[in-house]
Amino acid sequence: MGPKAEGADGVSRREFASVAAAAAAGFLLTACGPRRLQEMPREQLLRAIREMERTYAERYGTGVTVSDAGPQPGVEFAYALDISRCIGCRQCVYACVEENNQSRDPQVHWIRVLSMNQEEGVDFAHADPYYQPDQVPEEGRFYVPVQCQQCRNAPCTKVCPTKATWTEPDGIVVIDYDWCIGCRYCMSACPYGARHFNWSEPSIPEGELNPKTHYLGNRPRPRGVVEKCTFCIQRTRAGGYPACVEVCPVGARKFGNILDPESEIRYILENKRVLVLKKELNTVPRFFYFYAT
Amino acid sequence: MKTVHLFARFVTGSVRLILRGNNLYWAWVAFLVILIGSGALAYAHQVHTGLVVTAMRDQVSWGFYIGNFTFLVGVAAAAVVLVIPAYVYDWKPIREIVVYGELMAISAIVMCLLFVLVDIGRPERFWHLLPPLGRLNFPQSILAWDVVVLNVYLLINFAVVTHILYRAFSGRHYDTRVVIPLALLSIPMAVSIHTVTAFLYNGLPARPYWNSSIMAVQFLASAFSSGPAILLIALQLLRRFTRFDIQQDAIDKIAELMAYAIFLNLFLHGTEVFKEFYSNAEHVFHANYWWWGLEGHRTLVPFAWTALTLNLGAFILFIVPKWRRNWVTLNIGCLATYAGCYIEKGMGLIIPGLTPDTLGEIYEYFPTMTELRVAAGVFAIGFLLFTLMLKIAVAISQGEFGDQAVVEPNGAPDGPLPEPSALPGH
Amino acid sequence: MKLTLAAVIASGMVATSMLSACAQAPTAPPGAEASEASEASQAPEGSQAAEASPVKAPGQRIEVPPPPLSDGVFPCSFCHNEDLPPNRTRRPLVEMHGDLVLAHDVAGRLWCVDCHDATDYDSLHLAGGEKVSFDESYRLCGQCHGRNIRDWTAGVHGRRTGQWNGEKAYLLCASCHSAHDVRFKSVTPMPAPVPPTRAAK
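Protein sequences appear in the order of chains P, C and H. Taking the working numbering as reference, the numbering of the first sequence is continuous, increasing by one, and the terminal residue is 293. Taking the working numbering as reference, the numbering of the second sequence is continuous, increasing by one, and the terminal residue is 426. Taking the working numbering as reference, the numbering of the third sequence is continuous, increasing by one, and the terminal residue is 201.
There may be inaccurate statements among the hints.
Said to hold, decoys possible - Capping the alpha-carbon separation at 25 Å, the derived lysine-lysine pairs in PhoX-like fashion look like this:
id	chain 1	residue 1	chain 2	residue 2
1	C	Lys322	C	Lys253
2	C	Lys275	P	Lys278
3	C	Lys92	C	Lys253
4	P	Lys279	C	Lys275
5	C	Lys92	C	Lys322
6	P	Lys278	P	Lys158
Stated by the list, open to error - Taking beta-carbon pairs under 10 Å as the criterion, some of the chain P residues facing chain C (in silico):
id	residue
7	Gly70
8	Gly193
9	Pro249
Calculated directly from the structure, the hints in this document are not laboratory data. Here a beta-carbon is modelled for each residue, glycine too, at the ideal position from N, C-alpha and C.
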């Protein structure tokens with residue numbers, strides 16, 4: 001064997017070659033390997049979505065569709081909830097569970113209705129989510145449902161170490177369930193308790209799956225990842241209202257495009273007394289609360 | 001070719017070294033291996049069923065694992081208590097033992113990374129954090145910063161230690177052009193790992209208990225109180241059970257520095273307590289939950305007062321020079337400060353910050369048996385790694401394990417000893 | 001004389017307030033699909049998508065589902081015809097409609113013919129006397145409930161279904177609010193969430 005070809009700092013040609021080969025392999029893997037959904041080129045995304053549909057069809061038996069609908073231009077969603085009307089019936093909670101394929105056992109609820117004391121006003125320290133009286137509304141109480149506020153200045157997207165959660169151009173904060181590593185930093189960062197974790201395998205009873213899904217929304221989630229309200233992205237990007245808006249029996253929930261001056265949302269912002277939760281945290285929610293009366 | 005042979009000798013020699021020891025050594029190793037086995041089984045259960053086997057829930061989404069991670073980052077940073085006197089002040093007594101501080105740092109960082117791995121919901125996706133295959137949300141996410149600084153710190157320490165020891169093994173002096181810059185770099189890196197870890201909590205306005213400016217300083221103070229404690233105990237054990245002669249001056253100096261750190265730690269806790277209770281704003285309920293309990297929920301209260309007692313006791317033992325120099329009180333103090341900081345930096349930081357949760361709900365978290373077993377397993381891995389590395393490092397620095405020296409079964413070195421100038425500390 | 005003058009002024013005022021109540025904003029073509037009516041407040045199915053601006057012109061007819069009339073009472077003229085002269089006296093109803101609870105307002109000011117047209121029971125009437133059909137009963141409610149009719153026309157009052165970027169689907173006031181016994185009844189809430197426990201499933 002001849003003398004080793006050493007450079008001045010002791011790196012042999014062989015060592016250099018092996019490092020270069022590893023770098024090339026890494027580059028190839030990066031280019032062709034698994035990626036975040038947000039970065040995939042369109043054709044690759046569509047292939048991934050078709051793959052999702054196949055997997056879900058195998059697992060759930062029904063014809064599950066996964067929509068790839070993107071954000072519409074000129075649209076930024078906003079939500080308004082009338083806390084002078086909410087009676088705390090929790091219809092929204094369960095409509096959401098069914099629409100968005102949340103796990104029944106372990107129980108995941110994206111909406112949490114807090115019962116508060118009228119004399120003390122909006123005060124989380126004394127709120128009760130576990131009220132179960134015979135009849136609602138209860139004397140002296142009012143109800144504040146809380147779900148993801150889709151903040152403009154979202155603390156959760158800021159802290160995610162892998163960019164698995166981000167804000168879409170139409171304002172919805174979404175999660176890539178195949179990229180999330182389940183570190184739960186976003187859950188610590190969220191001031192509204194809006195993000196939920198799949199602590200074990202989610203389960204949806206047979207026949208209760210909603211087969212119309214969106215790849216960033218209500219498609220069945222794996223265990224070990226975070227999920228939350230997505231303003232029913234599968235409905236709203238197709239022009240519909242979120243399930244909670246439609247089911248509310250007292251019409252307390254309003255939704256629309258804040259960029260449209262004729263929308264209900266703009267009417268509310270211009271004509272009603274509007275507040276946001278924990279305003280001092282500067283999260284700038286897209287979810288407003290108002291008093292219609 | 002010669003390099004490969006030398007390296008092979010190093011590896012085989014190391015393996016022989018760690019397989020040789022007295023009964024106490026084997027009892028210790030066996031104990032650690034049992035803990036590792038138990039931890040592995042518990043972790044397998046967790047992977048099979050999901051994180052639901054822990055006590056963490058949506059309301060308290062971080063718990064024992066992240067608490068241990070936070071504490072151990074501090075222990076890793078504490079190596080700097082040795083590095084500064086050794087390399088900045090070129091103080092000989094500590095210069096001889098700085099390598100052991102760096103070995104502790106390596107073991108601690110490995111434990112930190114393992115704790116993160118057992119905590120995340122999809123451990124097989126951890127590579128999502130590592131560029132170029134993954135996506136690191138740098139510089140926006142403080143967790144991304146933590147990934148960077150922890151790994152850089154690990155690499156620096158690993159590079160310095162392996163360079164020094166391997167050179168000593170092969171009978172050559174270490175290259176100061178490699179070691180000095182890296183060692184000096186490890187000083188701001190040590191500060192940065194704990195500062196960044198503090199910022200993880202500090203930067204969340206959603207959690208007012210954590211959203212306090214003194215976090216980074218307080219983390220460093222508790223790190224320098226608790227990390228060197230383990231080191232002092234390890235060094236005294238080495239002095240007892242090997243022929244390694246550690247100067248008493250080195251131990252005294254470390255203990256003295258710890259005294260200042262313990263004071264600072266207590267002082268900063270005092271400032272936190274003042275701010276919470278004097279301001280008496282609504283979010284004092286986090287501090288109330290820790291110290292007094294809330295609405296009948298008192299799980300953590302005994303831990304709060306125990307930690308305070310331990311830290312105060314340690315402070316008293318360390319602040320009196322006579323007691324610092326007495327090996328009984330010194331070691332009691334070391335254990336006290338280690339345990340005290342472990343409690344208040346582990347459970348005492350994470351759980352009260354998350355209880356009550358953002359919507360005012362109180363869920364009382366306390367680790368399950370699975371969590372305790374997994375955590376014990378991770379600690380055992382770290383301690384085992386430290387033990388084995390120490391065994392090799394001490395043997396090298398004693399000249400018992402080197403290229404020119406082959407250790408005989410009776411322990412006497414065979415062949416010429418390496419030049420004294422080749423060893424660290426000279 | 002004085003009475004006539006008062007009546008003229010009163011109807012003038014009522015007409016003005018009605019016109020201003022309806023003076024919302026400009027045009028939209030009618031054409032939202034009416035959906036199934038129901039007596040209880042259930043969600044109608046979604047309406048058609050994306051037409052032009054959904055905002056209503058003043059006085060413009062708003063498409064609503066058919067009014068939720070009780071079975072067997074319409075057409076009222078089946079009984080209330082020439083054979084049954086109108087009796088405008090306030091009294092408890094005994095022979096028919098005695099099962100109705102009239103609790104429209106707390107002070108009990110309103111009574112049947114304040115809304116029902118005594119000369120033509122198949123219609124309702126506004127305060128000025130103008131007849132409105134049951135399909136347009138929102139105009140009647142809107143006379144007094146000004147804020148609500150404004151909000152309702154803008155799509156903000158009442159349950160929202162359909163398309164956010166298309167025609168608003170309106171429900172009649174009476175679809176949710178009983179005109180006679182107005183206050184919503186309490187309901188049983190759906191189950192509370194399960195509190196977290198340490199026990200693994």
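To see whether the hints hold, each was checked on the structure:
1. Distance restraint check for C/Lys322 and C/Lys253: the Cα-Cα separation of roughly 13 Å lies within the 25 Å cut-off, and the hinted pair is therefore satisfied.
2. Proposed proximity of C/Lys275 and P/Lys278 is supported: the alpha carbons are some 21 Å apart, at most 25 Å.
3. At roughly 12 Å between alpha-carbon atoms, C/Lys92 and C/Lys253 fall within 25 Å of each other, so this suggested pair holds.
4. Annotation: proposed proximity of P/Lys279 to C/Lys275 holds, straight-line Cα distance about 23 Å (limit 25 Å).
5. Distance check on the hinted pair: C/Lys92 and C/Lys322 sit about 23 Å apart at the alpha-carbon level, within 25 Å; holds.
6. Proximity of P/Lys278 to P/Lys158 is assessed by CA-CA distance (about 18 Å); at most 25 Å being required, the pair is judged to hold.
7. Checking P/Gly70 against chain C: minimum C-beta separation of about 20 Å lies over 10 Å; hint violated.
8. With its C-beta approaching chain C no nearer than about 5 Å, P/Gly193 sits inside the 10 Å limit, and its interface hint holds.
9. Among the interface hints, the one on P/Pro249 is violated; its C-beta lies about 24 Å from the nearest C-beta in chain C, farther than the 10 Å criterion.
Going through the hint list in order, the structure does not satisfy hints 7 and 9.
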